[in-house]
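Enquirer: Letter by letter, the chains look like this.
There are 4 protein chains.
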Amino acid sequence: MAGSIFGKLLQISTFGESHGPALGVVIDGFPAGVRITPGEIQEYLDRRKPGRSEVSTARNEADRVEILSGILDGITTGTPIAMLIRNTDQHSADYEELKNCYRPGHADYGFERKYGFRDHRGGGRSSGRETAARVAAGALCRQLLKQLGIDCYAYTASIGPVHADPERFDRSLITKTATAMPDREADAEAMAYIAGCREELDSVGGTVVCLADHVPAGLGDPVFDKLDARLSYAVMSVGAVKAVEIGDGVQVSERRGSENNDAFLPERNERGDQRKKTNHAGGILGGISDGSQIVIRAHFKPTPSIAGEQETVNRDGEPVALRIRGRHDPVIVPRAVVVVESMCAITILDALLLNMTARADRIEEFYRFTAEKGR
Amino acid sequence: MAGSIFGKLLQISTFGESHGPALGVVIDGFPAGVRITPGEIQEYLDRRKPGRSEVSTARNEADRVEILSGILDGITTGTPIAMLIRNTDQHSADYEELKNCYRPGHADYGFERKYGFRDHRGGGRSSGRETAARVAAGALCRQLLKQLGIDCYAYTASIGPVHADPERFDRSLITKTATAMPDREADAEAMAYIAGCREELDSVGGTVVCLADHVPAGLGDPVFDKLDARLSYAVMSVGAVKAVEIGDGVQVSERRGSENNDAFLPERNERGDQRKKTNHAGGILGGISDGSQIVIRAHFKPTPSIAGEQETVNRDGEPVALRIRGRHDPVIVPRAVVVVESMCAITILDALLLNMTARADRIEEFYRFTAEKGR
Amino acid sequence: MAGSIFGKLLQISTFGESHGPALGVVIDGFPAGVRITPGEIQEYLDRRKPGRSEVSTARNEADRVEILSGILDGITTGTPIAMLIRNTDQHSADYEELKNCYRPGHADYGFERKYGFRDHRGGGRSSGRETAARVAAGALCRQLLKQLGIDCYAYTASIGPVHADPERFDRSLITKTATAMPDREADAEAMAYIAGCREELDSVGGTVVCLADHVPAGLGDPVFDKLDARLSYAVMSVGAVKAVEIGDGVQVSERRGSENNDAFLPERNERGDQRKKTNHAGGILGGISDGSQIVIRAHFKPTPSIAGEQETVNRDGEPVALRIRGRHDPVIVPRAVVVVESMCAITILDALLLNMTARADRIEEFYRFTAEKGR
Amino acid sequence: MAGSIFGKLLQISTFGESHGPALGVVIDGFPAGVRITPGEIQEYLDRRKPGRSEVSTARNEADRVEILSGILDGITTGTPIAMLIRNTDQHSADYEELKNCYRPGHADYGFERKYGFRDHRGGGRSSGRETAARVAAGALCRQLLKQLGIDCYAYTASIGPVHADPERFDRSLITKTATAMPDREADAEAMAYIAGCREELDSVGGTVVCLADHVPAGLGDPVFDKLDARLSYAVMSVGAVKAVEIGDGVQVSERRGSENNDAFLPERNERGDQRKKTNHAGGILGGISDGSQIVIRAHFKPTPSIAGEQETVNRDGEPVALRIRGRHDPVIVPRAVVVVESMCAITILDALLLNMTARADRIEEFYRFTAEKGR
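If you're matching them up, the sequences are chains A, B, C and D in order. Using the numbering used here, read the first sequence as starting at 1 and increasing by one per residue. Using the numbering used here, read the second sequence as starting at 1 and increasing by one per residue. Using the numbering used here, read the third sequence as starting at 1 and increasing by one per residue. Using the numbering used here, read the fourth sequence as starting at 1 and increasing by one per residue.
Do not take every clue at face value.
Stated by the list, open to error - Subject to a maximum C-alpha distance of 25 Å in a straight line, what follows is the list of computed DSS-like cross-link-like pairs (lysine-lysine):
| hint | chain 1 | residue 1 | chain 2 | residue 2 |
| --- | --- | --- | --- | --- |
| 1 | A | LYS176 | A | LYS146 |
| 2 | C | LYS49 | B | LYS8 |
| 3 | A | LYS146 | A | LYS8 |
| 4 | A | LYS277 | B | LYS8 |
| 5 | B | LYS8 | A | LYS8 |
| 6 | C | LYS146 | C | LYS49 |
| 7 | C | LYS8 | D | LYS8 |
| 8 | B | LYS8 | D | LYS277 |
Unchecked claim - Computed far set for chain B versus chain A, every beta-carbon distance over 10 Å:
| hint | residue |
| --- | --- |
| 9 | ASP73 |
| 10 | ASN100 |
| 11 | PHE169 |
| 12 | GLU185 |
| 13 | GLU199 |
| 14 | ARG255 |
| 15 | ASP262 |
| 16 | GLU270 |
| 17 | ARG325 |
Simulated from the structure, these hints should not be mistaken for lab results. For each residue, glycine too, the CB sits at the ideal point set by N, CA and C.
The shape of chain A in the complex, shown without the other chains (with noise of 0.2 Å):
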């Protein structure tokens, strides 16, 4: 219980650090029967990993996935699926000086306080790697929402001051431009941004966009396990991740009721889910999904690692003079587009199977069909 478990019908318990031998997640609870593309595991780790272009580390992680159980002759069993992602390209050297000193902006001084002890090799556990073994999670858990027709997809919406275009919006770009913006344009101005950034010693923040298509109605809770409440909950879980909004979000505090509420409408879409005239919900009311586009958007903060100097203390207390070396991303969003897609999508999964046992006239409809076709 010291919060490396996930979820709730579908857990998702991840382990290793950033210098350690290796990182790794295990799922118990996936279905049993769900053919995997162990490629499209590869790719969606390969969005993540550093490298892709001038925007990341130059760090070369090979993030090679090794599946050690839970799947026999490509499909999934219904036992836990676990996960294995060694570590292989480790400047552990370059962390030595920051042994004995909290870095402003990362959980250096918490983590010590808590732990009596801190893995100042890239963080240990604090590592932004972490977030490869959610993403290995969250690749199977998008195949199978796929294959029940619903699409979770996330894109870099903005980069300090530049914003990506809605007009412009192009989703085969999200997996195509370094920035994962949809918007060629938007993307060329945010390089040279990120480019300035990275001449002055500096970071910069950004906005992700998660949009979940063609989710049924009907799923989460009315109270505390609000599909939002638990969406805010995983998204949030993100390092460096400081607001999340569902819909509208933030701009809905200044609003007239008036203008908010979005109409319902006699039309129904493809999964026979009532229409809305407009969307500002995002897709969830009271908790539970409407059949509108689930749209959520998380704020993430500059990179705290920066090669300019910084004020700080050592572990005495005494102040020091800091400059961070090593490879650094001047901007962490476009690595993180991937892994807030994967943690909405394993949330989603998640309310999708906790909903099938809302009803009892559904329960008996199951079993009695299981027992018909002898399961």
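Mind docking chains B, C and D on chain A? Use the hints.
Expert: Below, chains B, C and D alone, put in the same frame as chain A:
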């Protein structure tokens, strides 16, 4: 697991519908030996009560809490604490005409799709009234936090376009102004704005800020159960919240690292934690408390129940022009302040308990000590 | 997490002390749309009630259950079902002299060491009275199981040296005999034995058997959450149980494999499951139900509260000669039958819900179906 | 939630199939700062290893454990500890002919009905090999328990009709005899008995007893999470266990209260807990440890894989005469001893951690202390 239980070591299980016989909460895992002042629970509930002023509905809910278990002679016993609040002033008839149509901005549609059924009387389980049970639990948690030296409190930071001015912040006003703003001028302005909304048969949103002082460094876990992730989950689970920010929140996505990082200072605070020059992080770094003030902001949408005419459909999917009658707050925010405070108090106390088992040396000391004392 | 919540998808949260204002239970995760007969809940509770005959205490507990939420017009709504039972006939004075000493065979000592405190009035939370809340929950689960064609029932198999004879098994006697034995002769013999115990100021133990018919094959999970592991947990959590057996239980440790293995037969049962020649396994193989009758046996110790003199110590560790006054059953078993039945029903229903998400093809069918039906 | 995660504060997540690439375990919630001797983990695993003597299979599993995370320079870091055991000596071909039939006494049938599929190679996830992961976790828990002064150990108490004699109990023999019996004479007799079983192409069951000394009073929770309920759950989750007894177990159901109650004595033990005259209760009263020795007994069925001919059916329900080939232990008990010990150690450590938050005065002391020490 239908999502009405919240918490890890400290588990809050709530029940009850808006128009059923009663609401209530069972708290499992609350420590033994805490002196409880029942009057404080009641005061706490009264802050959520409608009818405090013209801001809120005329509905006269007595909201008398009855303690059913877990407290003997004013002291908690370590066993589950159950608290009951009877519903008394119900006008179910007000809801008769809503039986067959889906109110925009409400859970009606998703709820019906989920359960094949809907308690149309005041939203049933989806009603804001459900939060009374959370507040009863929050009152207890806040009392224990106070005894441990931790101070957790919330206030209205804005209503529509009217923002409380940090320069005029006066904590004592929170429980005195009708809006729960800590600023008398902003309160007056906001009241005027709300009156305008009501006249125009409309409603408005707003923001609540919750602060926690003297939280020890080290609370929260590094990966999924980051303290901020748990807080987001807790706060986003409150109906009508559409965005949650930690510290500077949405602002960080446009910032540079050099601006956003908080420098550690050589000074220590009263708990022995290192002070920081700024607190953009809102007291949480890498998911772990850093000893500085914890800062959470929740954005509430405008009350979806408005008296003005709205487009929607009935259960057969036919268009309906809807006007919602009955008693509805034009703004939910002032009453929600104590709910946000409660959810944060519950979450912080839970993290505080969880943190006790993080280190073997402490565990050893703990059991050596209890053996020596004959426990 | 102080252990008053049981279950995975179906979660039962109980509260209340023997001599506090009330006992109760909140059931989260119970499916919507189940027609509930409140009279059956009451009948079920009455089976646990003392005073049914000279076997049990003269204490006159009304045990009237009040439904507070989750059921509307006799149908479950999918939201938490809270049920309340007020305590009425309490003789706290009977317990005054027990305040300072530890009763042998009771939780007194451990409880006080744990919480630094003890509710001496009737054992407080450790009282057998706590099980009334479990029975209320069990009554609901049994009703749903029945609707799904599953029949779960328990009976007294032995009291002290008197065993019910399987040859004379008559299920209809379970609710008629004072001992809850399905055998009138054994019942008479046991009653005489109990009368002897009472005369000698002593008490006696016994066994309860619980059976479940028509459970589909496939319930339970292969590793930790084996169906038998969950059932053992459930049944061992009932006070005074000191051993749990599945199928032939303790006998298997002296057996040969050739005797103990159950051969599969070519015939199928009414649910389409393969029949077996014998059922030594008690319907569970490798933790998963195999379609045969599920068989669980619980061993209860003799009531620890006896009128005869006992050695013990007081809170200062000084020797005390104790005679327990008040109303105490010389045998707990007849009243415990419905408690064991309840815990098994809750556990089996939980396993049945959990099993619904085991296979991707079923999940797909489920959601295709709900989309077609407009859910 | 497919049941491969065990524990509350201390959570063990296992994965891996008998004939897949690897087995493993992730432990979340293990405290930081525990010095681990990897050699002890290996010794512990070796006790479970087959091939130790003619009692067990000739299969040569290296069972080399690799630590992937959570331990740095021999000290636990507070982050998840992942351990991996590669499968090496697999004879999948042995299982080819079992592909289409259900082995009596095995999970085959239920597994296939659940998942629509079955990994026939050695039982897959249902194989006893799965317990290697539990043992790796148990080894760590036992090391921490030892540092806290708690001694938890198991042994073979009987094999078929041969029982170890308590009068001849010699703890040092447990790891020396081939049967893991603490009695050399019984060991010899049992070995002869086993040899007879093998000759007759048959197998035999037995019992394992686990003891825990110096457990402080106060562990366990009063209602569902009684310490004995959690231990039963833990031990019954081990494959082939069909009954669990606490203390005198099944004997109590025929006893009188005056015989079965354990009198408290004026003396105190080394931990300051009150001694008892007898320990029929096995160290647990009302679900809470009472300071006396904890006693658990598990009954194992005979190995279901026997070489003699058995009746069964194939996947089409047609009768089949089956002879199981391959390497199978005629008795599982000697290898299961360390598995039972592991599950008990995990459960007791979990209860010990959970107990730390039971009292507000201790929580206050804890945080006052950490503040003073600058934590």
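Enquirer: Could you let me know if the closest chain A CB is still more than 10 Å away from the CB of B:GLU270?
Expert: 15 Å, holds
Enquirer: Hey, does B:ARG325 actually stay past 10 Å from chain A on C-beta?
Expert: It holds; B:ARG325 is separated from chain A by about 15 Å at its closest Cβ, greater than 10 Å.
Enquirer: Against chain A, does B:ASN100 keep a CB gap of more than 10 Å to every residue?
Expert: 13 Å, holds
Enquirer: Given the hinted pair A:LYS176 and A:LYS146, is their alpha-carbon gap at most 25 Å?
Expert: 21 Å, holds
Enquirer: Is the nearest CB of chain A more than 10 Å from the CB of B:GLU185?
Expert: With a cut-off of 10 Å, B:GLU185 remains clear of chain A, as the shortest Cβ separation is near 19 Å.
Enquirer: Check whether the Cα positions of A:LYS146 and A:LYS8 lie no farther apart than 25 Å.
Expert: Holds. A:LYS146 to A:LYS8 sits at ~21 Å (cutoff 25 Å).
Enquirer: Can we trust that B:ARG255 is non-interface, i.e. its beta-carbon lies farther than 10 Å from all of chain A?
Expert: 5 Å, violated
Enquirer: If we take the beta carbon of B:ASP73, is the closest beta carbon in chain A still more than 10 Å away?
Expert: B:ASP73 clear of chain A: closest Cβ-Cβ about 31 Å, beyond 10 Å.
Enquirer: A cut-off of 10 Å on Cβ-Cβ distance, and B:GLU199 was said to be off the interface with chain A. Does that hold?
Expert: The assertion about B:GLU199 holds, with a minimum of 12 Å to chain A.
Enquirer: When you check the alpha-carbon spacing of B:LYS8 and D:LYS277, does it fall within 25 Å?
Expert: 39 Å, violated
Enquirer: Take a quick look at B:PHE169 and tell me if its Cβ sits farther than 10 Å from every Cβ on chain A, holds or violated.
Expert: 19 Å, holds
Enquirer: So if I understand the rule, the pair passes when the alpha-carbon distance is 25 Å or less; does C:LYS49 with B:LYS8 pass?
Expert: The given pair, whose Cα atoms are some 34 Å apart, is violated under the 25 Å limit.
The structure fails hints 2, 4, 8, 14, 15 (numbered hints given earlier, in ascending order).
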